[in-house]
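Sequences and hints are given; from them, build the entire structure.
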Amino acid sequence: MDEPTLTAALEREHHEIDAGLEAFAAGQEAGQPQPEQLARAAAALRRHIYLEEEFLFPPLRAAGLMGPVLVMLREHGEIWRTLDELEQAAARSGGGATDRCRELLGQLERHNAKEEPIVYPEGDAKLDDATKQRLHGFIEDGTMPEGWVCAMAAPRG
Numbered sequence: 001m002d003e004p005t006l007t008a009a010l011e012r013e014h015h016e017i018d019a020g021l022e023a024f025a026a027g028q029e030a031g032q033p034q035p036e037q038l039a040r041a042a043a044a045l046r047r048h049i050y051l052e053e054e055f056l057f058p059p060l061r062a063a064g065l066m067g068p069v070l071v072m073l074r075e076h077g078e079i080w081r082t083l084d085e086l087e088q089a090a091a092r093s094g095g096g097a098t099d100r101c102r103e104l105l106g107q108l109e110r111h112n113a114k115e116e117p118i119v120y121p122e123g124d125a126k127l128d129d130a131t132k133q134r135l136h137g138f139i140e141d142g143t144m145p146e147g148w149v150c151a152m153a154a155p156r157g
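The sequence shown: position 29 = 29 (the numbering used here), numbered continuously.
One or more of the hints may lead you astray.
Stated by the list, open to error - Simulated DEER-style distance windows between Cβ atoms:
#: 1; residue 1: 58; residue 2: 147; range: 17 to 27 Å
#: 2; residue 1: 67; residue 2: 33; range: 35 to 45 Å
#: 3; residue 1: 15; residue 2: 58; range: 24 to 34 Å
#: 4; residue 1: 149; residue 2: 116; range: 16 to 26 Å
#: 5; residue 1: 92; residue 2: 8; range: 33 to 43 Å
#: 6; residue 1: 43; residue 2: 116; range: 17 to 27 Å
#: 7; residue 1: 58; residue 2: 33; range: 35 to 45 Å
Hints listed in this document are in silico derivations from the structure and should not be mistaken for laboratory results. Heads up, the beta-carbon is just placed ideally off N, CA and C, and yes, glycines get one too.
Structure, rendered in structure tokens:
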């Protein structure tokens, strides 16, 4: 485990995901689409949401952090749907991918501004060592199950 805390490891993933999406948007704006950049960033974002919802949030809810976790789950659903729309727009090649990507980056910025100072430090403080080890292990080399979808990713009404 490279990072000493879950906060550091999870924030590193945020930065890597953001950088991948920024690179995709820049390529789109420059007329040099990079679908592989989007594919990597999208897979990393979906995997990150999976690890939070399956490994981090359940013990935090059990420790009494219900409100912030519910906000994060709701926002994950919004982020997931926007990512779906971004991937669809990129596949059509008819435009709209840059706008969806910028929308997603804005959602992530607002989400991370709450998650990083509130939820992650609670994980460092409240999770037992075995759970922290499991999370760090997944961050290092875990894979998301095929077909997994976040809890609140129902289509927009």
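Honestly, which of those hints from before does the structure not fit?
Of the numbered hints, all hold.
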